[in-house]
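Peer 1: Use the sequences and the hints to build the structure in full.
Just so you know, the sequences run in chain order A and B. In terms of the working numbering, the first sequence opens at residue 238 and continues consecutively. In terms of the working numbering, the second sequence opens at residue 238 and continues consecutively.
No false leads were mixed into what you were given.
Same chains, same names: a pair is fine if it fits in one copy or spans any two.
Calculated lysine-lysine pairs in the BS3-like style (CA-CA distance at most 27 Å, straight line):
id: 1; residue 1: 377; residue 2: 262
id: 2; residue 1: 492; residue 2: 688
id: 3; residue 1: 674; residue 2: 588
id: 4; residue 1: 262; residue 2: 365
id: 5; residue 1: 588; residue 2: 377
id: 6; residue 1: 570; residue 2: 531
id: 7; residue 1: 749; residue 2: 688
Since the hints were derived computationally from the structure, they do not count as laboratory data.
2 protein chains.
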Amino acid sequence: MATANGAAVDTVTTGPIEGSVKHYKEVDDLRIPVRRINLTNGDTFDVYDTSGPYTDDNATIDLEAGLPKLRDTWVKPQVDGPPTQLAWARQGIITPEMRFIAAREGVEPELVRDEVAAGRAVIPANHKHPELEPTIIGKKFLVKINANIGNSAVSSSIAEEVEKMVWATRWGADTIMDLSTGKNIHETREWIMRNSPVPVGTVPIYQALEKVNGDPTQLTWEIYRDTVIEQCEQGVDYMTVHAGVLLRYIPLTAKRVTGIVSRGGSIMAAWCLAHHQESFLYTHFEELCEILAKYDVTFSLGDGLRPGSIADANDEAQFAELRTLGELTKIAKSHGVQVMIEGPGHVPMHKIVENVRLEEELCEEAPFYTLGPLATDIAPAYDHITSAIGAAIIAQAGTAMLCYVTPKEHLGLPNRDDVKVGVITYKIAAHAADLAKGHPHAQQRDDELSKARFEFRWRDQFALSLDPDTAREYHDETLPAEPAKTAHFCSMCGPKFCSMRISADVREYAEKNNLTDVEAIEAGMAEKSAEFAGAGKKVYLPVVS
Amino acid sequence: MATANGAAVDTVTTGPIEGSVKHYKEVDDLRIPVRRINLTNGDTFDVYDTSGPYTDDNATIDLEAGLPKLRDTWVKPQVDGPPTQLAWARQGIITPEMRFIAAREGVEPELVRDEVAAGRAVIPANHKHPELEPTIIGKKFLVKINANIGNSAVSSSIAEEVEKMVWATRWGADTIMDLSTGKNIHETREWIMRNSPVPVGTVPIYQALEKVNGDPTQLTWEIYRDTVIEQCEQGVDYMTVHAGVLLRYIPLTAKRVTGIVSRGGSIMAAWCLAHHQESFLYTHFEELCEILAKYDVTFSLGDGLRPGSIADANDEAQFAELRTLGELTKIAKSHGVQVMIEGPGHVPMHKIVENVRLEEELCEEAPFYTLGPLATDIAPAYDHITSAIGAAIIAQAGTAMLCYVTPKEHLGLPNRDDVKVGVITYKIAAHAADLAKGHPHAQQRDDELSKARFEFRWRDQFALSLDPDTAREYHDETLPAEPAKTAHFCSMCGPKFCSMRISADVREYAEKNNLTDVEAIEAGMAEKSAEFAGAGKKVYLPVVS
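Peer 2: Right, here's the structure in full:
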């Protein structure tokens, strides 16, 4: 199998993640995928699974044929109005997508419908992307993460991009965005769409710009519109549209430290200034709504004027655009189109919460979808970390989806390893926020893993972690011997001197002697001391020499 | 040169960090070290420097001789009372250490004295560690970070540990803790002390335990006391003492998911239960104060009952111990001994701020020194990141020093690469907090770096970053050619399609045409459009093919 340019697309990663198997929970007529972790104590633990059939040992993967068209058999409501999840939800209809999501999230279908109807959650699911396993983006649900992939004029092939999609979803990406530029945009996207189990987002202006040979001043509404329709037909589930970059906001960026850093934003700014006209994305917005409604493509209203540095955070340009996105949100929803709002960028910690507050106020609580934000500018090569700090905080405050940042941000295009590090880092930020928001199920995984850790069930600790392969590898670097996997100590303290081991002995001793409350201790049990002193000497279990 | 066991100690890393030189600012009789970054536009930018003479091309490094004894010529106040920075500060005396710190931090010496006198800041500086370049730990100053090093029974040599100290301070560790266990504890520490430009902390109970062959029940006050004196004599600057693990608190841990995870805490718990007596660290605390006062060793009151999992965060055991640390703080200060308080551990985001609030209330705002905390348990191999999230948040809330966590936490002993990743990650968390707290100088570095980024001064972007080597390496992976270092684009978008480039053009155009405010734009300048449309075509600067 090969693409038009001869590159082979046959090397995607398959098979389950170590310590787990693909499992499907049967809910009515639906099969809900989960990653089932088999623990060494005989228990199982199921976790949310974004990886599609690729981790199913029983699935046949044929990239040319694409994934099974799961949603083709799902019945679409036959009612008046735009054929969108938003319109249906408003009419009180619970769709198969909503039921699928409810089972996935462990919530009631009515909650899903209600949040979608209110515009506080979106289900990006183009009718022309039947391969999709639906997911929901909204603050009452698990925080989601997006991974950007896409080739550029400088780097990478179609094959690499398809594998990046499979790879990113393997590790937990809830959606992916194809940000390809350069050649073969349409073909790359077709391969990705037909093989993606998660919603796919794009920024149509990138492809439109290719059609005018990279000169933003030559863009027209017609070229853009045709590009949007082309992408809707392919099945793109959500589209970033920088319709809030208005002519009068552009001068507000002139005094910034880093001007306009959004690609889409700078393209539209260049167009507006060159023509001295209002953005065609803004003036034709209602036509755009009509197109997106037909396919149920979700708007991701782009923040073309997002701050690109700490100095520019929360400035007039950024918030002026946000107000316009609020207006556009109302217009889109009046057409039945689902909307989410993109957010920054680079923001110091003390200015993060204000972004969420204002977005919710101006945009009717439409799901917020932020890039990080990076909490400092001074660590290129570590911007997955600078941004994970901001991402965790902004998600705790109510952001529904986090766009990942890889270690290569600002420096280069991410390779496969960078994609994985970016995804895992953002799973951490999202999960930390789920815990902080008190998501009903989130802490179960922490508790299971910590129990395994305390009981020295190393294999279970690996299997329950976000990245079992790396956890095992790091463990084996210091203590490679196989018996160490069951050793009652770890390499930090060595066998004689293990706090977990001592602590377990303390617990055992306390329970055995009924020293489980303060009174019992204070009553004095000196006669037990000698016994423990003896037991204490058994702390050292020489499993490994 | 070799250690007693024959291991060579001659491979420490020397020379300046790329793009910078060691520079000394002369302030009265003091020479304040800074890392001076030489920018390609002719400017210089100085940053706080913890690396000691190792990054000075003019320094001769002789590990056997140790570093120059900088503080030997500094005059000690000859007044009544304990010879400590706390006692002197209370008497209104500004010591050379305080002046050194004031110049380093860019603040007034009186602020340093005042914060030390109030016990809100500490200067860990044993009289027997004259090689030290003094640093301050307190919430009104830059957030500091600590790197743990130390061999264990399982792994690593003296030579490796000395290099880890040099390596950790090269990348920004403000203090290091030598947590060696196993053999050669005394000798390893001697090498580290004589060559460390930063304060060194220890946990004396670890060495005391070695003296009783690892059986915690055989520990005595006398063995412990003699170990403390031995370490004071060597020059250790601060010591972790788990004197708050009281007998009656131990049962409070029995129902925890992860019991007692602190090594020191579990050792003392085992001792207390075995003897059914109150901890000798608690009953002999005043004697300990008298010893530490003599050398001006700072207490780091250990949190032996810190939570080891999300489930155990902020529980009764943890906060009971914290109340006792509050009592001990008052006692230590009454002896003139400086005190900081250690904190958790594993804490979900929404429970972090309460830790700082309670610590400040109970411990008279003594500097808080926390390990992370980890914001989730589910990512072993990425716990530098899970904990950087918690560390940034807790530092924003007022924590003065952050103990780093490396990717190997819970899995193995950190190697040299892990130490660097841990240090850089924690510099990010500390700096993010400095920004959020509005530290007067913190944002200058972000602004300089962002300006360099916007102006495509790649070399300056690298030099201003926390890790120039890795930033350059990542850049070169995608665009290795030397001309790309000066290219007006980067690899993310390619040459034709660069938002930074377009944005710079927009700014230039707007300024040239006086389009710098909303009115000018709205006045309409259609005649300028054609001109820009022409300029827009020059966006592509084919520096690299």
